[in-house]
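Based on these hints, arrange chain S on the given structure of chain W.
There are 2 protein chains.
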Amino acid sequence: MTKHIPFNEEFLFRQLFDSESCTYTYLLGDVETKECVLIDPVLEQVDRDIQLIKELGLSLKFAMNTHVHADHVTGTGLLKTKCNCKSLISKISGALADVYVDPGDKVQFGKFSLSVRPTPGHTNGCVTYVCDSQGIAFTGDALLIRGCGRTDFQEGNSGTLFESVHKQIFSLPDNFRLFPAHDYKGFTSTTVLEEKTLNPRLTKSKEEFINIMNNLNLAYPKKIDIAVPANKKCGIQD
Amino acid sequence: MTKHIPFNEEFLFRQLFDSESCTYTYLLGDVETKECVLIDPVLEQVDRDIQLIKELGLSLKFAMNTHVHADHVTGTGLLKTKCNCKSLISKISGALADVYVDPGDKVQFGKFSLSVRPTPGHTNGCVTYVCDSQGIAFTGDALLIRGCGRTDFQEGNSGTLFESVHKQIFSLPDNFRLFPAHDYKGFTSTTVLEEKTLNPRLTKSKEEFINIMNNLNLAYPKKIDIAVPANKKCGIQD
Chain W
1 MTKHIPFNEE
11 FLFRQLFDSE
21 SCTYTYLLGD
31 VETKECVLID
41 PVLEQVDRDI
51 QLIKELGLSL
61 KFAMNTHVHA
71 DHVTGTGLLK
81 TKCNCKSLIS
91 KISGALADVY
101 VDPGDKVQFG
111 KFSLSVRPTP
121 GHTNGCVTYV
131 CDSQGIAFTG
141 DALLIRGCGR
151 TDFQEGNSGT
161 LFESVHKQIF
171 SLPDNFRLFP
181 AHDYKGFTST
191 TVLEEKTLNP
201 RLTKSKEEFI
211 NIMNNLNLAY
221 PKKIDIAVPA
231 NKKCGIQD
Chain S
1 MTKHIPFNEE
11 FLFRQLFDSE
21 SCTYTYLLGD
31 VETKECVLID
41 PVLEQVDRDI
51 QLIKELGLSL
61 KFAMNTHVHA
71 DHVTGTGLLK
81 TKCNCKSLIS
91 KISGALADVY
101 VDPGDKVQFG
111 KFSLSVRPTP
121 GHTNGCVTYV
131 CDSQGIAFTG
141 DALLIRGCGR
151 TDFQEGNSGT
161 LFESVHKQIF
171 SLPDNFRLFP
181 AHDYKGFTST
191 TVLEEKTLNP
201 RLTKSKEEFI
211 NIMNNLNLAY
221 PKKIDIAVPA
231 NKKCGIQD
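Protein chains in written order, with full-length UniProt numbering: chain W, 1 to 238; chain S, 1 to 238.
With the rest of the complex left out, here is chain W (with noise of 0.2 Å):
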């Protein structure tokens, strides 16, 4: 266990959660410019994240993802009709997006960004987004609260997701504290530290780890066939 960063005092920091899909949605923001981003908002909940957005007193910048979700439809497409934001997605992702980041990119809203570090295995496109100054990082799919993001299916490939972890998530200061695009099991937070000595998939030697994601035997996710197609255009589904 390490001492954390603690938060500037105006960032503003909000998780929100989405039951059905157990999908965290993160609202970022400046509370003196009053600008922020959402990250992997879900399209169910879009009018609950834009009037916690208006009773805040924020303006809406970037609706992004992490990566083109498989287990729900992303909110973003909706929140470009309702809000005047843009949506954001990695390049390598292939889905359509009003901008489009790289690795090394910085997304700013007010005093504050995200830098982007490439983190494939679970999709190609999957990235983390590191808010260095606040000592946290959004991890997507990528890595999990002790697991990670399953990589049998879309452009999965657990080899390539261990080096992603090892290298862009394991190599943050151990205080880091890391958010998730989902949890199961009710936990809201990891660190670092915490990932790099108690996953009990991501300690293992990258053989153990290929053949633990080889020999999962998940279900075909529920919502695949729906959500991929919807998220490559940003959620606007036909």
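By construction, these hints were calculated from the structure, which means they are not laboratory data. No experiment lies behind these values; they were computed from the predicted model shown. Careful: at least some of the hints might be erroneous.
Since the list can't tell identical chains apart, any single copy or any two copies may satisfy a pair.
As the list claims (entries may be wrong) - Derived lysine to any residue pairs resembling SDA-like cross-links, with alpha carbons at most 25 Å apart: (1) K91 x E32; (2) K185 x T81; (3) K233 x I50; (4) K223 x F187; (5) K222 x S19; (6) K196 x K222; (7) K111 x I5; (8) K206 x E194; (9) K196 x S59; (10) K3 x G135.
Leaving out everything else, chain S in the frame of chain W:
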């Protein structure tokens, strides 16, 4: 929207969720001394909570409740059998526990403490635990995010609840962050200012509030006949 009070870097804070009862359990600790407390643990989540406490190298001092819950069985009794901790609840709750607290008392863990504020109305024994140094409060079922606990069973009294929230919670600094015992829409926290200005029930006059609460027509709580007798005895079921 207000600037918030950053956490001390040695203040450990983990919000945990039970999806069946939509209950939030809070793990608070001192990174240096390793002492920690659990607020409102849920019986079915005890193994998860103990594993996390062990993984973090913490020592559980108190398993404590904000009140005698009617919707889930508390984990305090089981925690006592599995950890060397004491159960704690307000004296006025009438429930059995190792340690009883009264309004104005302090619950110490490491260098941090929670002060006890009486917030009856949902039940007579409801208290709000305030961690003044970190600018946060745990409101139990007295104040929920944009809502409040129901007042139509146990010792519920809507007029009393109105006075409790206004006198004991809305009197905290505007930028104090509030963490409730439940949320049903995926919100995880709020602030005093937000609830003072945006809570649809508690921004009304006392008369209007009582009228709203009298006309909610809520279903009979599913677990109340099991949960309340069990929770009067620390969650130990006959």
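Each hint, compared with the structure:
1. K91 x E32: neither (30 Å within a copy, 43 Å between copies)
2. K185 x T81: This pair counts as between: shortest inter-copy Cα distance 23 Å, intra-copy 34 Å.
3. K233 x I50: within (20 Å within a copy, 43 Å between copies)
4. K223 x F187: both (23 Å within a copy, 24 Å between copies)
5. K222 x S19: Classified as both; 15 Å inside a copy, 20 Å across copies.
6. K196 x K222: neither (31 Å within a copy, 41 Å between copies)
7. K111 x I5: both (17 Å within a copy, 18 Å between copies)
8. K206 x E194: within (19 Å within a copy, 47 Å between copies)
9. K196 x S59: This pair counts as between: shortest inter-copy Cα distance 22 Å, intra-copy 36 Å.
10. K3 x G135: both (11 Å within a copy, 18 Å between copies)
Hint violations for this structure: numbers 1 and 6, all remaining hints satisfied.
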